[in-house]
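Undergrad: Given chain A, work out where chain B should sit, using these hints.
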Amino acid sequence: MTQPTYTEHHPRWLRQRISTYWWLGKWAYTKFILRELSSLSVAWFVGYLLVMVRRIGESEASYRAFLERATHPVLLTLDVIAFLFIVFHALTWFAVAPQAIVAHVGKKRVAPAVIAVSHYAAWIVVSALVAWLLLRR
Amino acid sequence: MATTRKRPIEPLLWMLFSAGGMASALLMPVLVYLFALAVPLEWIPAPSYVHVRAVVVHPLTRLVFFGVCMLSLFHWAHRFKYTLYDGLQIKHLTELINTICYGGAVVGTVIAAYVLWRV
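Protein chains in written order, with my numbering: chain A, 519 to 655; chain B, 10 to 128.
Hints listed in this document are in silico derivations from the structure and should not be mistaken for laboratory results. Mixed in with the good hints, there may be bad ones.
Where chain B lies over chain A, by a calculated footprint (3+ residues, C-beta under 8 Å) [what the hints assert, rightly or not]: (1) 542-549; (2) 616-630.
Each computed DSSO-like pair below joins lysine-lysine, with the alpha-carbon atoms no more than 27 Å apart [claimed, not checked]: (3) B:Lys90 - A:Lys544; (4) A:Lys549 - B:Lys100; (5) A:Lys549 - B:Lys90; (6) B:Lys100 - A:Lys625; (7) B:Lys90 - B:Lys100.
Just so you have them, the derived chain B footprint on chain A, three or more residues with Cβ under 8 Å [to be verified]: (8) 562-568; (9) 591-605.
Quantities reported herein were computed from a predicted structural model and do not represent experimental measurements. Where is the CB? At the ideal position from N, CA and C, for every residue including glycine.
This is chain A alone, in the form it adopts within the complex:
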């Protein structure tokens, strides 16, 4: 019995060609792509914080030099943009939480607004805790 052969990509598939810049036409689409791109900032800051941890582990001079280098205009510009993306990521992430989480108390469904607000509240509490832990003398 001969096996039928398939091609991975159909050679003459009738599919309308969409511009690479399709997401620039509408704010909702642009927002979607910006939200997806925020993941680059997440990865960037994982690297940034790991380098910082390494410098802290080395010596006080290394730690100070790291903080000094962070004020370099190029790095600073990059960090400011990446920071805005990180905040955008957090805001949009918590905003869609009610769509992702359907919680029940007893038989009653928890209102989506309650889920969203509790996420934002958790964000504030966690941020305050981290700042307190790192900045207290």
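TA: Chain B only, in chain A's frame:
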């Protein structure tokens, strides 16, 4: 069966994406604000080296931070993969994109483990 293209790993990748999104949303803004902006620019006084070091080398901090790094990297991998798929419409490069994204996340996780182990 070679004809069905099942990806049983997909739910796991979505879970990592989701957990990474949550971890990075909760913790990254404050960490980045402090150590990429506020402290270097002297908006707030820098915490003493002895204190920061004590916090960073604590086993619990390192464990939590490792988790944040790993999950955040898989969050990036998953989201960036779909950015390339949808944004640039390069679905035909699936294998290459998967290798770069998930491979990058694995390599990053190993580096994070090494850095945090050695600190």
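Undergrad: Indicate, hint by hint, whether the structure satisfies it.
TA: Taking the hints in turn, this is what the structure says about them:
1. Look at the stretch 542-549 of chain A against chain B: 0 of its residues bring a Cβ nearer than 8 Å to a Cβ of that chain, fewer than three, so the hint is violated.
2. Given a C-beta distance limit of less than 8 Å, the hint that chain B covers the stretch 616-630 of chain A is violated, as 1 residues qualify and 3 are needed.
3. For a cut-off of 27 Å, the pair hint linking Lys90 (chain B) to Lys544 (chain A) stands: about 22 Å separates their Cα positions.
4. Of the supplied pair hints, the one linking Lys549 (chain A) and Lys100 (chain B) holds, its CA atoms being roughly 21 Å apart against a limit of 27 Å.
5. Of the supplied pair hints, the one linking Lys549 (chain A) and Lys90 (chain B) holds, its CA atoms being roughly 17 Å apart against a limit of 27 Å.
6. A distance of roughly 43 Å separates the Cα atoms of Lys100 (chain B) and Lys625 (chain A); the hinted pair therefore is violated under the 27 Å criterion.
7. Using a Cα cut-off of 27 Å, the hinted pair Lys90 (chain B) and Lys100 (chain B) holds, with the two alpha carbons roughly 10 Å apart.
8. Restraint check on the stretch 562-568 of chain A versus chain B: 6 residues with Cβ-Cβ distances below 8 Å, three needed, restraint holds.
9. Counting residues of the stretch 591-605 of chain A whose beta carbon lies closer than 8 Å to any beta carbon of chain B gives 7, which reaches the threshold of three, so the coverage claim holds.
Against the hints set out earlier in the document, violations occur for numbers 1, 2 and 6.
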